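Can you make the complete structure from the sequences, with help from the hints?
Residue numbers (the working numbering): 2 to 700.
To be clear, the hints were calculated from the coordinates, so they are not data collected in a lab. Careful: at least some of the hints might be erroneous.
[Unchecked claim] Cross-link-like lysine-lysine pairs, in silico, DSS-like; alpha carbons within 27 Å at most:
#, residue 1, residue 2
1, K545, K328
2, K107, K128
3, K328, K10
4, K10, K128
5, K484, K453
6, K569, K363
7, K10, K69
8, K411, K59
9, K544, K421
10, K128, K69
11, K421, K476
12, K280, K269
13, K500, K10
14, K363, K269
15, K69, K86
16, K569, K411
Since this is a predicted model, take the numbers as computed values, not measurements.
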Amino acid sequence: FLDYYIVQKGQDAYGEETLAYADPSVFSVFSFPLISGNAATVFNNPYAMVLSETAARKYFGTTDCINKTLTLDGKITATVTGVMKDIPTNSHFRTDIFLSMSSLIKEGTNWMTNWNRFGFSTYVLLKENATAASFTKKLAGFAKEHPLKNNLQYSLVAEPLNSLYLHGMARGNKAGSTAVGNYMNIYIFSIVAIFVLFIACFNFINLTTALSLKRAKEIGLRKVTGATRKQLTYQFLTDALTVALLAFVLAIILCIAVQPLVNNITGKIISTCIVDNIKLIGLFLLLAVFTGLLSGLYPALVLASFQPVSNLKGKFTTNRKGLILRKGLVITQFTISIVLIIATIIVYSQLNFMQNENLGFKKEHNLVIDFHYDERIGEHAESVLAELSNIPGIRSASISSSTPGRSNTKYPTTIEGINKEPQELQTDAYFIDYNFLNQYGLEIIAGRGFSKDFATDLRESMVINECAVKRLGFKNAEDAVGKPFLQRGSNGLIIGVIKDFHFHSLHETIMPLTMQVSPGFFTFLTLGVTTDNIATTVSDLQKKWTTIAPGLPLIYTFADDTFNAQYKADDRFGKLFICFAVLSVFISCLGLFGLTSFTTVQRTKEIGIRKVLGASVASIVTLLTKEFIVLVLMALLIAIPIATITMKYWLNDFAYHIPIKVEYFLTAGFLAMLIALLTLSIQSIKAAIANPIKTLKTE
2 FLDYYIVQKG
12 QDAYGEETLA
22 YADPSVFSVF
32 SFPLISGNAA
42 TVFNNPYAMV
52 LSETAARKYF
62 GTTDCINKTL
72 TLDGKITATV
82 TGVMKDIPTN
92 SHFRTDIFLS
102 MSSLIKEGTN
112 WMTNWNRFGF
122 STYVLLKENA
132 TAASFTKKLA
142 GFAKEHPLKN
152 NLQYSLVAEP
162 LNSLYLHGMA
172 RGNKAGSTAV
182 GNYMNIYIFS
192 IVAIFVLFIA
202 CFNFINLTTA
212 LSLKRAKEIG
222 LRKVTGATRK
232 QLTYQFLTDA
242 LTVALLAFVL
252 AIILCIAVQP
262 LVNNITGKII
272 STCIVDNIKL
282 IGLFLLLAVF
292 TGLLSGLYPA
302 LVLASFQPVS
312 NLKGKFTTNR
322 KGLILRKGLV
332 ITQFTISIVL
342 IIATIIVYSQ
352 LNFMQNENLG
362 FKKEHNLVID
372 FHYDERIGEH
382 AESVLAELSN
392 IPGIRSASIS
402 SSTPGRSNTK
412 YPTTIEGINK
422 EPQELQTDAY
432 FIDYNFLNQY
442 GLEIIAGRGF
452 SKDFATDLRE
462 SMVINECAVK
472 RLGFKNAEDA
482 VGKPFLQRGS
492 NGLIIGVIKD
502 FHFHSLHETI
512 MPLTMQVSPG
522 FFTFLTLGVT
532 TDNIATTVSD
542 LQKKWTTIAP
552 GLPLIYTFAD
562 DTFNAQYKAD
572 DRFGKLFICF
582 AVLSVFISCL
592 GLFGLTSFTT
602 VQRTKEIGIR
612 KVLGASVASI
622 VTLLTKEFIV
632 LVLMALLIAI
642 PIATITMKYW
652 LNDFAYHIPI
662 KVEYFLTAGF
672 LAMLIALLTL
682 SIQSIKAAIA
692 NPIKTLKTE
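Take a look at the structure:
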């Protein structure tokens with residue numbers, strides 16, 4: 002069970018969001034080695050605490066801290082009974098502090114025997130012949146033996162630990178308490194990486210074939226002196242394999258060198274000890290060998306087929322099939338590159354949409370303080386809000402159980418629907434004060450908001466959102482006003498309806514929401530700050546905070562930052578796409594450059610004759626580039642439907658997303674054409690300005 006505490010040592014205090022309650026078996030089920038302390042007895046007493054090495058050094062400066070104490074939430078004394086090694090970064094479960102499970106019993110709660118609590122995670126070691134599926138079947142009877150209130154249905158499911166990170170069901174813990182991954186992103190980037198590897202292979206084929214003219218005499222001489230086609234093929238395959246193996250060594254070095262940058266972009270902690278993983282090294286080595294042989298096969302066969310007489314004269318002509326293949330490779334390269342460019346544009350357009358879309362509430366200039374149920378704040382909310390409102394730079398203040406962008410408590414709520422039939426909804430619940438609606442600019446579309454002028458507005462009135470109205474079957478918001486409700490055993494009347502707003506990310510559809518004025522649940526303060534001098538305002542706030550709640554750290558964020566933090570994974574996804582797109586375009590340009598070089602060398606005599614006959618540099622450049630521009634245009638036409646299909650699939654992960662617009666394709670096409678022209682112009686201009694006398698003399 003994960004919880005959040007303010008942990009104090011002397012004057013230092015920190016908010017620990019992933020403190021975990023555990024029983025002694027945690028050290029037998031998991032391989033978390035203890036540095037000090039006895040695994041069998043560390044959790045014998047309430048408020049016994051086991052720290053990780055990092056936490057021990059954080060609070061005590063050393064791992065030698067057995068029997069030392071920390072204060073939780075300013076009132077509970079916890080004793081350190083053990084120190085463990087840090088939990089590995091690749092674990093799905095991350096915490097630096099374990100607290101004995103008996104602490105919950107000490108607090109007087111019935112969580113240990115209450116089947117209506119779902120905040121716990123139970124880990125079970127199965128026998129060798131048992132499976133998660135067979136164990137899940139045996140759990141089916143528990144749900145029937147222990148029914149929930151209000152006839153709510155549930156089931157217990159066993160999930161293999163090694164699949165939790167990528168394929169586990171959504172966890173009910175606080176955000177960030179358990180590591181989760183996105184298997185779809187892994188598939189996407191694996192496919193993209195394979196495509197980039199294909200582009201590199203295509204380049205090798207094109208560039209090797211283009212450079213073959215320089216080896217024509219060498220090949221002819223070898224054939225004249227007795228070299229067989231098989232021997233030549235073996236030689237060229239060996240050359241290709243050598244290049245691939247050298248690239249493999251360079252790739253390992255680059256992998257280690259750029260690892261910090263990759264970790265920064267992905268937000269992951271990926272081990273740099275790739276050289277210690279023999280299996281992985283072996284796999285990549287086989288991939289390098291396969292890539293070298295595959296990409297070297299076609300050039301080897303082509304080079305080995307050269308005719309010795311023509312070769313010794315320095316002459317070489319290509320057949321139509323070879324030309325079609327090389328052009329096909331260029332089209333494939335640019336198709337992949339353009340797809341990645343379009344995808345990058347769409348990803349960042351969606352990110353921009355999410356960060357700038359009208360969410361239905363005011364998130365700018367709202368500073369949010371997490372005071373974690375501290376009684377000094379919660380039980381004196383009005384006086385605290387009054388004191389904070391007097392600070393220069395603070396224009397308004399409110400207190401609530403949650404704020405937009407954070408996880409909310411869900412409750413079964415019964416409201417009288419159409420035909421006066423009571424309907425039960427599972428709703429997100431906000432417990433707020435009288436100023437919350439104004440603080441966040443929430444629009445009332447029917448009825449009224451909360452007011453101190455009405456005594457029943459305290460705990461006996463409720464405001465719901467449009468989504469709840471629709472779920473109840475009402476056609477108009479006004480029809481829901483005045484209807485009775487029942488939630489958490491308390492009842493009252495609906496007094497108003499607010500316009501739907503996004504209290505979760507745009508990945509999720511807006512769900513039914515209820516709001517009540519109920520002080521017992523307050524944990525967040527929202528302060529509206531002016532933009533004149535925010536730094537001074539925060540400094541003054543810090544001083545005032547120490548007088549209001551001594552020892553309680555001022556943990557604050559801005560509402561817009563909190564909400565946008567939900568899109569960190571999407572932002573990282575976009576950055577990775579940019580990296581792959583840039584790499585793909587760069588490699589494709591190398592391929593285009595190689596094919597241009599190949600064509601230019603073949604047409605050297607033609608270019609010389611055209612110049613002698615009066616052709617301008619511009620006309621020659623146009624002659625050399627126009628056929629390649631056609632190839633890029635063909636790639637664009639192929640890329641558009643591919644990008645459309647794949648990005649529609651990606652956008653479907655968002656409940657609210659942008660449409661795929663024509664301008665995305667036009668922008669990608671323009672960028673591809675511009676990059677292609679710049680690449681082509683290098684070799685084309687060089688050939689066009691060459692002295693025709695020298696080229697014709699050489700021919």
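So, going through the hints one by one against the coordinates:
Taken as a hint, the K545 and K328 pair is broken in the structure, with Cα atoms around 71 Å apart against an allowance of 27 Å. The straight-line distance between the Cα atoms of K107 and K128 is roughly 34 Å, outside the 27 Å bound, and the hint therefore fails. For the proposed pair K328 and K10, the alpha carbon gap of about 69 Å is over 27 Å, so the pair is violated. Of the pairs offered as hints, the one joining K10 and K128 is violated, with about 43 Å between alpha carbons and a cut-off of 27 Å exceeded.
Between the alpha carbons of K484 and K453 the distance comes to roughly 21 Å, so the proposed pair stays at or under 27 Å and holds. For the proposed pair K569 and K363, the alpha carbon gap of about 21 Å is at most 27 Å, so the pair holds. With a C-alpha separation of about 10 Å, the suggested pair K10 and K69 falls inside the 27 Å cut-off, and the hint holds. This hinted pair does not check out: K411 and K59 have alpha carbons roughly 35 Å apart, beyond 27 Å.
Annotation: proposed proximity of K544 to K421 is violated, straight-line Cα distance about 54 Å (limit 27 Å). Restraint check: the Cα-Cα separation between K128 and K69 comes to about 39 Å, which exceeds 27 Å; the hinted pair is violated. With a C-alpha separation of about 14 Å, the suggested pairing of K421 with K476 holds against the 27 Å cut-off. The straight-line distance between the Cα atoms of K280 and K269 is roughly 22 Å, inside the 27 Å bound, and the hint therefore holds.
At most 27 Å may separate the alpha-carbon atoms for a hinted pair to count; K500 and K10 exceed this at roughly 45 Å. Taking the CA atoms of K363 and K269, the gap is about 32 Å. The hint is violated against a cut of 27 Å. With a C-alpha separation of about 18 Å, the suggested pairing of K69 with K86 holds against the 27 Å cut-off. Distance check on the hinted pair: K569 and K411 sit about 25 Å apart at the alpha-carbon level, within 27 Å; holds.
Checked against the numbered hints above, the structure breaks hints 1, 2, 3, 4, 8, 9, 10, 13 and 14 and satisfies the rest.
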